[in-house]
Amino acid sequence: MVTGQPPDLDRVWEALEEIKDPEIPVISIVELGLIRQVGYTAGRLVVTLSPSFAGCPALDVMRKDVRQRLQQLGEESVEVRTVFSPPWTSDWITPAGREKLRGFGLAPPPRHAGDLTAVLQQAARCPYCESQDTELKNGFGSTPCRSIYFCNSCVQPFEQFKPL
Amino acid sequence: MKAELREALANYLTAIGDDELILAHRDSEWAGHAPILEEDIGFANLALDELGHASIWYRLAAELLDEDPDRHPDALVFTRPASEFRNVQMVELPNGDWAFSMLRQYLFDASEQVRLSALAASKHPELAQAAVKIRTEELYHIRHTSAWVRRLGLGTQQSNRKMQTALDLLYPRALQLFTEETGEAELASAGLVPRPDRLLASWASQVSEELIASELRLPDGNLSTPAGRNAHTSHLEPLVAELQQVARLEAEIAW
Numbered sequence: 001m002v003t004g005q006p007p008d009l010d011r012v013w014e015a016l017e018e019i020k021d022p023e024i025p026v027i028s029i030v031e032l033g034l035i036r037q038v039g040y041t042a043g044r045l046v047v048t049l050s051p052s053f054a055g056c057p058a059l060d061v062m063r064k065d066v067r068q069r070l071q072q073l074g075e076e077s078v079e080v081r082t083v084f085s086p087p088w089t090s091d092w093i094t095p096a097g098r099e100k101l102r103g104f105g106l107a108p109p110p111r112h113a114g115d116l117t118a119v120l121q122q123a124a125r126c127p128y129c130e131s132q133d134t135e136l137k138n139g140f141g142s143t144p145c146r147s148i149y150f151c152n153s154c155v156q157p158f159e160q161f162k163p164l
Numbered sequence: 001m002k003a004e005l006r007e008a009l010a011n012y013l014t015a016i017g018d019d020e021l022i023l024a025h026r027d028s029e030w031a032g033h034a035p036i037l038e039e040d041i042g043f044a045n046l047a048l049d050e051l052g053h054a055s056i057w058y059r060l061a062a063e064l065l066d067e068d069p070d071r072h073p074d075a076l077v078f079t080r081p082a083s084e085f086r087n088v089q090m091v092e093l094p095n096g097d098w099a100f101s102m103l104r105q106y107l108f109d110a111s112e113q114v115r116l117s118a119l120a121a122s123k124h125p126e127l128a129q130a131a132v133k134i135r136t137e138e139l140y141h142i143r144h145t146s147a148w149v150r151r152l153g154l155g156t157q158q159s160n161r162k163m164q165t166a167l168d169l170l171y172p173r174a175l176q177l178f179t180e181e182t183g184e185a186e187l188a189s190a191g192l193v194p195r196p197d198r199l200l201a202s203w204a205s206q207v208s209e210e211l212i213a214s215e216l217r218l219p220d221g222n223l224s225t226p227a228g229r230n231a232h233t234s235h236l237e238p239l240v241a242e243l244q245q246v247a248r249l250e251a252e253i254a255w
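Chains A and B supply the protein sequences, listed in that same order.
So the first sequence is numbered by this note's numbering: it starts at 1 and just counts up by one.
So the second sequence is numbered by this note's numbering: it starts at 1 and just counts up by one.
Keep in mind the hints are simulated off the structure, nothing from the lab.
Please note that the accuracy of each hint is not assured.
Residues from chain B that face chain A, not an exhaustive set, calculated with beta carbons under 8 Å [what the hints assert, rightly or not]:
1. H33
2. A34
3. E38
4. L249
Here chain B is said to cover these stretches of chain A; the calculated rule only asks that three of the stretch's residues, wherever they fall, bring their Cβ under 8 Å from a Cβ of chain B [stated by the list, open to error]:
5. 12-24
6. 71-81
7. 135-144
Where is the CB? At the ideal position from N, CA and C, for every residue including glycine.
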């Protein structure tokens, strides 16, 4: 931060928009709804991040990416805080982010407004052909945030970004 | 919070963190060995989740003890002697067969459901928040493991027999998840953690319903009082030795 000038948070948000999820490189951490807050506290730039899945191995990479990118902006003192409250929900993924997931071949998580149990009963919509004639093959996938499905309509497997 | 309560709560969190860590280690041993690829991936994911949850409990413990939350979890995992781990014996037992591993994970997941629901009302706000977070992730675990309990219990004579053998071994040991540790009564009175006897009642009713529907018989007769969390089987020490092997090669290494 240049002394005497008001902090420009817009350019911080723009820089954060450039940071992609290391495991889904088409979507930014802002589109995923992981960044909860950005602000200066006593001259220190504090970015508050809400992790998606607690055990996600990409979390440390994302924290490091945030620090590095903001230091490139000239921010010398950057702190990345992890918060669990309110807990991250896949409902926070932006509409643009959902489209990017679909384009990547990942079915976007259905919105559940807090009722995760109900949404877990529904079949996922195939990201390739939009059919809902799909079957859950495994609740777990290649990363903590993915489930494996099979589409009976276009006869191919696909992954869903898990609703959380 | 009073100093004694802080310490007792840190011990509580370390104990439940140890359960998650040791179970994660056992789960990870299925990688490359599960009967089908999907289940290989399933156990690897369960391991990763439980490890993530352990790290949350350890960090909370660190904050209560005024330790560095970035360093304390590593110290607990990589430098503590096996004798100081506080996990229940159930999670340190070798994986056995598929029925044993799946049933163990189910009994543990069911205990997490009741514990996390109660911890979500803890008067320690950070603990309540973490419990809410972890509970939603755990819905995926219980869905997976309860489906397997049904499938194996109602499957063939052989799968049912293997599940029954596993249940007879595991059920008495699972009760150790609900023993009352030193200081726990005070923590419960302060509204920080649930009373273990209430957790046990609610866990027992949930799992018995599921197990009976899976045509499995609950052990009858009086079960002996389980040991406290200081007591371990001979299986923990080799597990911890393996877990710490690399870290011990170079104590000051930066990861």
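### Task
Compare the structure with the hints numbered earlier in the document and write down the numbers of the violated ones, lowest to highest.
Going through the list in order, the structure violates hints 1, 2, 4, 5, 6 and respects the others.
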